[in-house]
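Peer 1: Here's the letter readout for the chains.
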Amino acid sequence: MQYVIAAPDNESYLVRQAQSDASAFAPIYEFYFPRVYNYVRYRVHDPQIADDLTAQIFERTLANMQRYHANQSPFGAWLFSIARNITNDHFRAQKRRRWFSIDNLFNHPATDPPPEHALADNDQKQQLLWAVSRLSERERDIIGLKFAAQMNNRQIAVILHLSEHNVATILYRSIRHLRLILKEE
Amino acid sequence: MNELEQALEFNTKLDALQNKNVTLDETGDYTDLLKLANTLSKTDFSAGTSIRQSLFERLNAHNRQPFQKPPIYRQYPLAASLIASLLVISILFTLPPVRTFAQEIIKRLQTITLTNAPSLFEPYLTATPTTDPNHPPVESLNLTLDEAITKAGFTPLLPTYLPDGYNLTHRDARVGQITTEFEPAGVDTSKCCIIFSIMQLWSPEKEKHSTYKYPVGNVPIADVLVRNVHGLWVQNAEIGMTHDENGKFHIMPANLLTWEEDNFLFWMTSFDVRTNIPLSQEEMMKVANTLQMPTH
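These protein sequence lines map, in sequence, to chains A and B. Note that my numbering has the first sequence beginning at 1, numbered continuously upward. Note that my numbering has the second sequence beginning at 186, numbered continuously upward.
To be clear, the hints were calculated from the coordinates, so they are not data collected in a lab. Treat the hints loosely; a few may be bogus.
Computed Cβ-Cβ distance ranges for the label pairs, DEER-style [unchecked claim]:
{"hint": "1", "chain 1": "A", "residue 1": "HIS161", "chain 2": "B", "residue 2": "GLN238", "range": "52 to 58 angstroms"}
{"hint": "2", "chain 1": "B", "residue 1": "PRO303", "chain 2": "A", "residue 2": "SER20", "range": "21 to 27 angstroms"}
{"hint": "3", "chain 1": "B", "residue 1": "LEU263", "chain 2": "A", "residue 2": "SER23", "range": "28 to 34 angstroms"}
No farther apart than 30 angstroms at their CA atoms in a straight line, the calculated lysine-lysine pairs in the DSSO-like style are these [to be verified]:
{"hint": "4", "chain 1": "A", "residue 1": "LYS125", "chain 2": "B", "residue 2": "LYS398"}
{"hint": "5", "chain 1": "B", "residue 1": "LYS433", "chain 2": "A", "residue 2": "LYS125"}
{"hint": "6", "chain 1": "B", "residue 1": "LYS471", "chain 2": "A", "residue 2": "LYS183"}
{"hint": "7", "chain 1": "A", "residue 1": "LYS183", "chain 2": "B", "residue 2": "LYS336"}
{"hint": "8", "chain 1": "B", "residue 1": "LYS398", "chain 2": "A", "residue 2": "LYS183"}
{"hint": "9", "chain 1": "B", "residue 1": "LYS336", "chain 2": "B", "residue 2": "LYS433"}
{"hint": "10", "chain 1": "B", "residue 1": "LYS398", "chain 2": "B", "residue 2": "LYS198"}
{"hint": "11", "chain 1": "B", "residue 1": "LYS220", "chain 2": "A", "residue 2": "LYS125"}
{"hint": "12", "chain 1": "B", "residue 1": "LYS227", "chain 2": "A", "residue 2": "LYS125"}
Here a beta-carbon is modelled for each residue, glycine too, at the ideal position from N, C-alpha and C.
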């Protein structure tokens, strides 16, 4: 028979402390940095833009720590809603820009094959990013939330305002689409 | 099978793979897709960025500045205290039960405050029993000491004394947190529950704030001296819950000993569903006093 024993959860404990003592933000940052960065990388092809957006996400998170309420959502879901908003704002700003820039080149589906001179260790990553960059924005978003943010389908459904079945179907299609792109390459 | 059914089957297999409940079946359906999903899940791009440290330093610089403007009550302290006093007096005279509530026992350590607020589980007690008592299992790992150290980022203190018959049965960890569980030998662990657990939580070194409130139900909270530091002892704390075969929830009263030491919060609990007599304060203090760094 199952049981639940309640104890101070480390994350909520640290989040509560970080709300009154910002130095407690360090372990939260260490835990979430790779997840947030990987999420942004799956959505934005250019590493420099990914750096910039990741910085914005953590700066906004820290600045808004006082506004976070644990009874409304888990901290991770709140953090990734900020990450999504900032990334979506970036794309909206890109769409408003009528002139061509180097940023646009990287933020639209790539047409060139991945660079062949990449080092062996980076080769698979580059190939994967190149293939992901050819997916639609929604497909990249859901892949980022599932595999970088490591959310389950129920959490993704809440963030995207979709049903769990919709999330499962879109995810399934996205992975099939990605495999097709990699095979074609 | 239509697309939705395929998608659901794929997602079920993906979740099992990600939760490490199964290994990838090289010959099964969706093998290619699952391999690709596994690659997406395991690939880490963050090692390739140089901003991790510089951003951390920038955020730290931000930390040295105040979070926000001083609240209005600090700008007009006299007016604020007058209004607050009037409000409190009016409430105390108009709502007698509030006076009882205002006497709520509250005990503090440096970073955590135990309160007599209703248990976290109270809402479940009046819930309609579910028709499916087989709730999804709580994700839990059983780690070796080395795995737990790697995962948590610190080495936990371990007891050299355990109550008669108890053995280590389970260890779980996440960043900054290690939980070790002990159960009596010879007990059928598939039936709930006789557990003694020690959780060690890392807390930051800087200035402490008693902001983290934790409800233990309407039971006495006593100050104790444990390992030469101030600790708290709670008998029959309402911090555990199980459900019967009909899906109805029940609180499992637990004895709780908690204290803070060298930037760690220790949270030691014992419960025994069969006898409702958890380990005594004397026994738990004895275990606490033998905690020490592992020798290996």
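Peer 1: If a hint holds in the structure, say so; if it does not, say that too.
Peer 2: Consistency of the hints with the structure:
no., hint, result
1, A:HIS161 - B:GLN238: 52 to 58 angstroms, "violated (36 angstroms)"
2, B:PRO303 - A:SER20: 21 to 27 angstroms, "holds (24 angstroms)"
3, B:LEU263 - A:SER23: 28 to 34 angstroms, "holds (33 angstroms)"
4, A:LYS125 - B:LYS398, "violated (44 angstroms)"
5, B:LYS433 - A:LYS125, "violated (49 angstroms)"
6, B:LYS471 - A:LYS183, "violated (63 angstroms)"
7, A:LYS183 - B:LYS336, "violated (36 angstroms)"
8, B:LYS398 - A:LYS183, "violated (54 angstroms)"
9, B:LYS336 - B:LYS433, "violated (35 angstroms)"
10, B:LYS398 - B:LYS198, "violated (39 angstroms)"
11, B:LYS220 - A:LYS125, "holds (15 angstroms)"
12, B:LYS227 - A:LYS125, "holds (11 angstroms)"
This entry does not satisfy hints 1, 4, 5, 6, 7, 8, 9, 10, going by the numbered hints stated previously.
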